[in-house]
Amino acid sequence: MTDFTWNNLKFWNDHECFRHQFDCGQLDVAIFDAVRDESMKLYHSNVTISRNSLKNPICIVANYLFDTLCHDIFQIEAGKLKEGLISVGSRSERELDALDPEIIKRFDNHFKYRVIEDDYYSESEVEDAHHLQRVLQWYRDFFGASPDGASILFPIGALRALRRLTSFSGGRALVLSGDKGNNNHEQFRGLADPHVAVHGSFSVMVNYHAIGLYCTSRSGFVLHDPQEEASLKVSALVFTGREEAHSSKRHGLSAWIGSEVERLSAARSLAFPNLCRAFSESIAAFGPNDFFVMQKSMKEDSQRPALKAIVALLKLSNWDPDVFYKFRDAVLQQVPACTTKLRNDLCRNLPCLWRQHFVLDKDKDVAFEVGRLYYGLRMYQKAIQFYQTSIQCSGEHHVTFHNMGLCYYSLSQNQLALDHFSQALLLKTDYVKARAWQQKLLRE
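FYI, the numbering for the sequence shown is 1 to 444, going by our numbering.
Source of the hints: derived by calculation from the structure; they are not laboratory data.
Just so we're clear, the structure is a prediction, and the values are computed from it rather than from any experiment.
Ideal Cβ placement from N, Cα and C applies to all residues, glycine included.
A hint or two may mislead.
Derived DEER-like restraints, expressed as beta-carbon distance ranges [said to hold, decoys possible]:
(1) R378 x Q187: 49 to 59 Å
(2) V126 x P226: 57 to 67 Å
(3) F358 x S302: 19 to 29 Å
(4) N52 x S302: 50 to 60 Å
I would like the entire structure built from these sequences, with the hints used as guidance.
If you want it as structure tokens, here you go:
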């Protein structure tokens, strides 16, 4: 796993869930600047990965990466290709501290455009100059006669990252990328400045269509999810390592006009039927964005979703702990009165849910919520185990000790119950529920 800053790597490196994989050599971490670095040094094994150092193809997972890398801006107007230049200022008349990170919220962007040639990248991107020129020519040729023109965000940072990463394995790689963006070139019609989203950092929409053209130019192919109404786009790219010469003799120049590129990419994909079927079933037929829409609708459009529906959603998510956490209150409200069959379905799959939990945020205490669920199912020993895990993962809390006290009371272990109610009061002296139970047990 890589990132460009050690703070993120340190979090992964110190995480208990990864310890076994680090110790047995199945997992490693490395600092890697995807736009600039030509190699990466693995932290644990001390191995350096560089150009052609890997014998086998690599699999690259780029999850919400490309939208934050650098982009270039182009427009096609009256058959001419133009580059976009941005001037960034502040909407405030005066900034007291030019290094204040909050300035990002007050950015005032101004764009201007000037005519360029198709060989725009001939000096800055020597190794990919031919492929990038091909991509720019495709846009100029396709939109050149359009009266509306076109506005193109060009993911040059992503393309640089792909060139560097694929060089480690001789140009052979499978890339699975998910991000906000577009893969339909028709979305680029019209002349408009790009939208820059500000969210602590800033990002723009990823042009997966351009990334697909680039991959195809390098003798690879791309699989896009054709669904247009999607906040998350997922694409699979296959780089074969068999890059053609800079001439277009093999397929002819016509292969880079209009939809011919798509047909060329589709023809190459036929050699990988298992990958195509897996992408169709897991992404195109029903993918991550579809699941997100269904989950969001169930959460926001229904005051209390039926427990059967929540269990079905959990099953569809492969018992994802995050989904359980989102619907925890609705689950806990309905568990006491649920059928024996539904209770058995929950009990059978709760261990699977917990095995898949990866602690990212200690405030999102999944162990505590699983403990509450086991209590609602009257499985008190299991509930105690998860309350103890909650204390280990998220720290001591008065409600956790109170709930453990309830479990011990239900098991007729009154002294342990009293001890835990007392511990809850040590943490919060005015906790009324624990005080009431403590007094009840003292009277008994």
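#### Entry: Outcome for the supplied range 50 to 60 Å, where the beta carbon pair is N52 and S302
The hint (50 to 60 Å, Cβ to Cβ) holds, given that N52 and S302 are roughly 55 Å apart.
### Task
Kindly confirm whether 57 to 67 Å is satisfied by the beta carbon distance between V126 and P226.
violated (35 Å)
### Message
19 to 29 Å was suggested as the range; check whether the CB atoms of F358 and S302 agree with it.
### Response
holds (28 Å)
### Message
Against the range 49 to 59 Å, how does the distance between the Cβ atoms of R378 and Q187 compare: consistent or not?
### Response
holds (54 Å)
Figure legend: structure checked against the earlier numbered hints; the only hint not met is number 2.
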